[in-house]
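Student: Sequence:
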Amino acid sequence: MRKTLTALMLGLGSLPMLAQTPQTDLPQLYSLVDGKTIIKTDPFNDILGHLNLKVERLITRGASAQLSLEFSPDGATEKQSGAFHTNPFFMSNSFVFSPEQPRYIAASPQIRCYLNGGMGHGFYMEAYYRAQHSEFSHQRMYVHHHMVGSGTNFFDVRYNGSATMHSFGINIGAQWLFGRRKNIVLDWHILGVGRGFARGGFTANFDDVSHTVLEEAVRSELLSMTEQAVFTFDNKTDNNVKVSNLKYQSYIFNMGLSLGFRF
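This note's numbering applies: residue 67 is where the sequence shown begins, and numbers increase by one.
Everything labelled a hint here was simulated from the structure, so no lab data went into it. Values in this document were obtained by computation on a predicted structure and should not be read as measured data. Quick reminder that beta carbons are idealized off the backbone N, C-alpha and C, glycines included. Heads up, some of the hints might be wrong.
[Unchecked claim] With a cut-off of at most 25 Å between alpha-carbon atoms, the simulated SDA-like pairs for lysine to any residue come out as follows:
1) Lys313 / His277
2) Lys308 / Gly267
3) Lys313 / Ala240
4) Lys313 / Leu252
5) Lys248 / Thr107
6) Lys313 / Thr152
7) Lys308 / Arg206
8) Lys145 / Phe163
9) Lys308 / Arg169
10) Lys308 / Asp140
11) Lys145 / Leu135
12) Lys308 / Ala295
13) Lys145 / Arg247
14) Lys313 / Lys248
15) Lys248 / Val121
16) Lys248 / Ile125
17) Lys308 / Phe163
18) Lys313 / Val259
19) Lys313 / Phe163
20) Lys145 / Gly188
21) Lys313 / Val296
22) Lys308 / Ala193
23) Lys313 / Gly326
24) Lys102 / Asp140
25) Lys313 / Lys102
26) Lys145 / Leu252
27) Lys102 / Leu252
28) Lys308 / Arg285
29) Lys145 / Ile125
30) Lys308 / Val279
31) Lys308 / Phe220
[Claimed, not checked] Using C-beta positions, here's what the derived DEER-type ranges look like:
32) Asn226 / Val121: 32 to 38 Å
33) Gly115 / Asn153: 23 to 29 Å
34) Phe299 / Leu135: 37 to 43 Å
35) Glu201 / Val121: 24 to 30 Å
36) Asp300 / Thr126: 25 to 31 Å
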């Protein structure tokens, strides 16, 4: 009996010590506050069918590396951004500047510098390289040919084509971290400017005109991008042509807003 009472007294005496023992804070244990990987997407582009995913990895204080992937499974039904007859010397991959995007796939590695030395937050400058392959479908251009003694002859060229562009540039923006654990990310891509170099071609059918007239009219319409172009006419049908080795350069402008999480 005495041993039992002694054990009971010792147990009761230890209760205050147990109450003072710090307990593990499970939210703190699994906190994302030190996470170095951020996954983001631009929801506005997603809604419009331009799927995108950005993965950012914090390298050190004030610096990170990011990979951006984009895919647009369906092109616009009318004139498409970057199509040869649209004078694509100023382009954008943002629906804000250019909502009529073609079907395309793109990858862009980026190096980001946070101006305040922040770990994934604050104003930043970013250098990027971007590779994009675009497919243009159901495009139409109206070309003209001056006929001696009979004025100007207009006719229709209907084409499907593709182009691959390599571009370089700089983005500026700001990124914020929200939430108790600072794991909710808002990335405001304020403005991006770059320079792109594209090469491509198309196959077309056209109205009943001679091959010489067609080639002269297309070269006149597309100007400098046809300097090294090759025209190959289909021997089986008089109204089909393949135009290859079209080249052009573009100034590129972009902006956007992305949401994501830090892990």
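Student: Does the structure break any of the earlier hints, and which numbers would those be?
Tutor: 3, 4, 13, 14, 17, 20, 22, 23, 24, 25, 26, 29 and 36
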